[in-house]
Amino acid sequence: MDIIAGIIQTSILAGGVLALAALGEVLAERVGVVNLGVEGLMALGAVTGIATVVATPNPMLGFALAMVVGFFFGMVFAATTVYLRANQVLCGLALTLMGTGMAATIGRAYSGTPAPATFPPIAIPYLSDIPLLGRALFTQNILVYLIYIILPVALHWLMFRTKHGLDMRAVGENPAAADAAGIPVQAMRFWYVSAGAALAAGAGAYLTLAFVPSWSEGVVAGRGWIAVSLVIFAGYRPINAVAAALLFGLITSLGFVGQARNWPIPSPVLSMLPYLGTIAMIIVPVLAWQRMRRLMAAPAALGEPYFRDVR
Amino acid sequence: MIKIRDLTRRGFLNIGAAAGASLLLPKSGLISPARAAAPLPAVAEEDAVIAWGYVGPTADEGWTYAHDLGRQAVAAAFPKAKTLFVENVPYSADASRIFRQFAAEGANMIIANSNYGDFIYDVAKRTPDVAFYECDGRNPLDNLGTYYVAHWYPSYIAGVAAGLMSKSGKLGYVASFPVPSVYSGTNAFLMGARTVKPDATLQAIVINSWFDPQAAAQAGTALIDNGADVLFGIMDEAAYLQVAEQRGAKAVMWNTDIRRYGPQAYISSIVVDFSAWYVEQVRRRIAGEWTPTEDILPIGKGVDRDAWGETVPAEAAAQADAIRDKIMGGWSPFEGEIKDAKGNVKVAAGHRMTEVELYNWDWSIEGVTGL
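Line by line, the protein sequences give chains A and B.
Here the working numbering is used: the first residue of the first sequence is 4, the next is one more, and so on.
Here the working numbering is used: the first residue of the second sequence is 1488, the next is one more, and so on.
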């Protein structure tokens, strides 16, 4: 019983990093911009988070400042890709290289310092006393509730239940038509890409303030790339993205639990599980649910800079 | 047992050569005799360039950090010599490029703090006038030496303390890869623990990285969820110590004193110190005495247990330190009969494992699972 609760608790904690970064990427991709800089933004957010709590032991402030830093770098990225129409893939890769490099340089002073303040787990009264699942679901830090409940629901509502969300999606599907309808395509792209970058940096801060809690170079360890691929699997939908991140966290921790409990499966196979899982998660829906294809398709104008004069 | 995947063609030839050489050159003691090669000529201290290729960042607070302290000791001991280093040298053809670049910059001695296999071997072969050292290396040349630390002794000592402090008798190990360093670490740790808790077992989780705080944290959590109350591992960072601190378990670490990450959980650490050894090798190189060696730095001279953590009971510390004194006095716990996990006798009764056998340990003893 404790084992199951433990698995769920760690998969929620581990999946949170991916979920937040994936939500940011959903925002950017829904308006038609591929941001491959997530890895770098996460590194920047991670180092900002730790630097802030070392200066003033307030994890909330660390998380907020990380998002501000992410927003700033997101604006730089968005300005080059949206207004200057530079190649999104190349700019994203550049952002990753720059972000990880800068974070490593800044972080040198902070490596080897445990985070002096972290997000403590908060037990929700009554709910956390539910046997089996209570401890796993309702004794988490405040960011977990934000990432798994508040943000995805809010973003889903924004994207699929409001006029503004319809405009957003139109910008990603057919910017020319959106432009003709009077939607400010470039402004829309600019602000949502920046906001998405802020969430990615927030994911980095989550890493150093709630999950690992310390900075070391390479702490992001490729989770930014996984977040980008989760978005594709999730069909560019916020709630799906969070569910996919949770599933990924679950599969990952199953691999560790499998080794700990000595399942008769070789450890390389167990370590492969998350990746096998990802492949399966992408292949199965394509084969099994043909009708889903349309719903899960990428925004039609994804990755294409918009030129008003050549429409 | 020889693993096929570790075996290159040259490795195969070396086994033959080693078998032949072992007949001629009996390996006595910890430091093997220099290979038959003329020493490299002396260099003036002001012309000397000593270069390090690091596997990780110097800020890792672990393995590379410890080696960089050694580099700083060299710089302090030979203030006129120039020291260079490159961090995060990948295990790829890029490593060869970096070592070649060092040679092109006039390096007299190039030191790699991890095993780079063919990527360093090929460069060493082509630049015979440069001295090379490869940590954890296994294919020496006339100008390529190897070095490592006898970490199995402090692991055994820490195991004694861990056995005394464990209530469940279940130990956990966060492993990088199933390589000899990990086998000797897990085996020695459990053997130490079993001297005081005969039914102790050790469960390992392989995370396929030397440095992945997220995976190490999850592995540590899974081990504790499974009942382990003392964690050990071979990581270049402190993630599983932080997990142990949060969960009220204990942990033994590696490389450096990192107790501040988990003061309540910290038992000890396998601390490494290459300063004296590096200074000596550079001195030999500058003086024109250098021939390659295959060194395993003994306990007390490059590797040791760290000062005990604040929650280690005085009796446990004293009992473990008594074993340490015995080992420093020449006693070895690694004496037959030792059985592997399948119950086969691998070390016959009365046979004392040599340092080279310990260095190349590649099977689990009975009680270790997960590797």
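Accuracy of the hints is not assured; some may be wrong.
Stretches of chain A that chain B covers, calculated by requiring three or more beta carbons in the stretch to come under 8 Å of a beta carbon on chain B [stated by the list, open to error]:
1. 9-21
2. 89-97
3. 103-111
4. 190-196
5. 256-265
Computed Cβ-Cβ distance ranges for the label pairs, DEER-style [as the list claims (entries may be wrong)]:
6. A/R88 with B/A1562: 34 to 40 Å
7. A/P119 with B/L1556: 22 to 28 Å
8. B/R1613 with A/P119: 46 to 52 Å
9. A/R111 with B/A1562: 17 to 23 Å
10. A/R264 with B/N1695: 49 to 55 Å
11. A/R111 with B/D1605: 30 to 36 Å
12. B/S1579 with A/K166: 49 to 55 Å
13. B/D1581 with A/G306: 28 to 34 Å
To be clear, the hints were calculated from the coordinates, so they are not data collected in a lab.
This structure is a prediction, so every number in the text was calculated from the model and none was measured.
The beta-carbon is built from N, C-alpha and C at its ideal position, and this holds for glycine as well.
Quiz item: Hint numbers the structure violates, sorted upward?
Solution: Violated: hints 2, 4, 6 and 10.
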